[in-house]
Amino acid sequence: MLKELLYIVLVGVFANNYVLQQTTGICPFLGVSKKIDQASGMGIAVTFVMLVATAVTYPIQKHVLEAFNLEYLQTIVFILVIAALVQFVEIVLKKFIPALYKSLGVYLPLITTNCAVLGIAIDNLSYEYVTNYGTALLSSLGVGLGFLFAMVLFAGVRSRIENCPSPKAIQGLPITLIAASIVSLAFYGFAGVIDGMLGMA
Amino acid sequence: MNKNSKLWIVLKGIIAENPVLVLVLGTCPVLAVSTSIVSAISMGIAATLVLICSNTLISLLRKIIPDTVRIPCYIVVIAGFVTIIQMLLQAFLPDIYTLLGTWLSLIVVNCIILGRAEMYARKNGPLDSALDGLGMGIGFLVALLAMAAIREILGTGAINLTALGMESITIPVLSEYNIPLLTSAPGGFLVYGILIAVVNMIGPKKGAEKRKNFSCEGCPSASICGRVSCSENAELVSASENNTLVENKTEKEEA
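Chains as they are written, first to last, in the numbering used here: chain A, 1 to 201; chain B, 202 to 456.
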């Protein structure tokens, strides 16, 4: 049982990495990955919002939308819930934990339109290994940690690129994307590793 | 060409202000959906339809929507149209619906659509906004198609048309000597990077400064974060963007 739970988290972090394998959440990945502290701040904020979003949208889907045959409202309901949640989290943090708000606050409004958050809320409903509320939360945790991991890793790569001379045409975004391609290639190798390691194949 | 003509509004979205290759918006669907030509075209058309409809409606409602809650309002409008497109595809083109999967819902959070609502539709009339949506949508479609053509033809050596109920086209030499990597995520990043580099090289030098960094234009939170939290490129923000910022400030002060 423990093995299955570990599998869900590890798949989210490595094999099914949302940024580098699914190419969701590219905007913050390219935008906020210039410094490691910013990248980790954004990563933690996204992980947190993903967890809260799944915690709310999963029961809504199961007990409201599916119960009343309203699945076609999924998109509109989910995005509204996520937008409201982000706003709510921001207000609560500002009021009760100002220290945390100071470090994460600026990233929160950016997350509403992060497709990784809406993506995991919807994808969780179709993954085979997500069978109940607990596994849905774990899957979100794994994907969130994977996002954090990719951001921090890439922030390191990027600080190296900044110091390297490159042809004028590929300076800036193109060289960043090519570097992302190589980092993504490294993650490609994880696909079979997790299955083999835990004997799930 | 006259910069105020209707034709220019459409054309600028396709070339001068191509949302994908010049403004660098909506990167996620571009990377994810450009693995095959059919999915790229269907995604492009779906996004264009949503963009035209949402731009028109938001432009019509621009005097009614209060400034402070405009982003949630825009999101509701966009999500409504996305749901309509989803239902239409599910009913009439179920193969395309399964092919696009989650990405169809994710049109809601596509920065291009929210970005055009924020940048264009809330300041211009319905006809101009619809034309702007059409131009931007076609620009998105063209960029997606270019990516998909490179990735699918070089990556698999064939053009897969099974989702349309037709036989796939096999390309003689390439079907034996293809580069499968291009159809995966790393290949997506690589092709996108190279395409932007090519546009940088042949494109007008004017916008070069903007392209270096990730633009805040499509980000609905730009007004909240003051355009600094992403890339700290406040000094690179072009004059036009500064103008909009100033406009926003004066609008708020007047209110």
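Everything labelled a hint here was simulated from the structure, so no lab data went into it. Treat the hints with caution; some may be incorrect.
[What the hints assert, rightly or not] Residues from chain B that face chain A, not an exhaustive set, calculated with beta carbons under 8 Å:
hint	residue
1	V277
2	N379
3	I380
4	I397
5	A398
Quick caveat: nothing in here was measured; it's all calculated off a predicted structure. Glycine included, C-beta positions come from ideal geometry on N, C-alpha and C.
Do the hints match the structure? See the list:
At its closest, the beta carbon of V277 of chain B sits 7 Å from a beta carbon of chain A; the interface hint therefore holds under the 8 Å criterion. Because the closest C-beta pair between N379 of chain B and chain A is about 17 Å apart, greater than 8 Å, the hint is violated. Taking 8 Å as the C-beta cut-off, the interface hint given for I380 of chain B is violated, the closest approach to chain A being about 13 Å. Contact between I397 of chain B and chain A, as hinted, is supported at the beta carbon level, the nearest pair being about 5 Å apart and thus within 8 Å.
Because the smallest distance between the Cβ of A398 of chain B and any Cβ of chain A comes to about 4 Å, under 8 Å, the interface hint for this residue holds.
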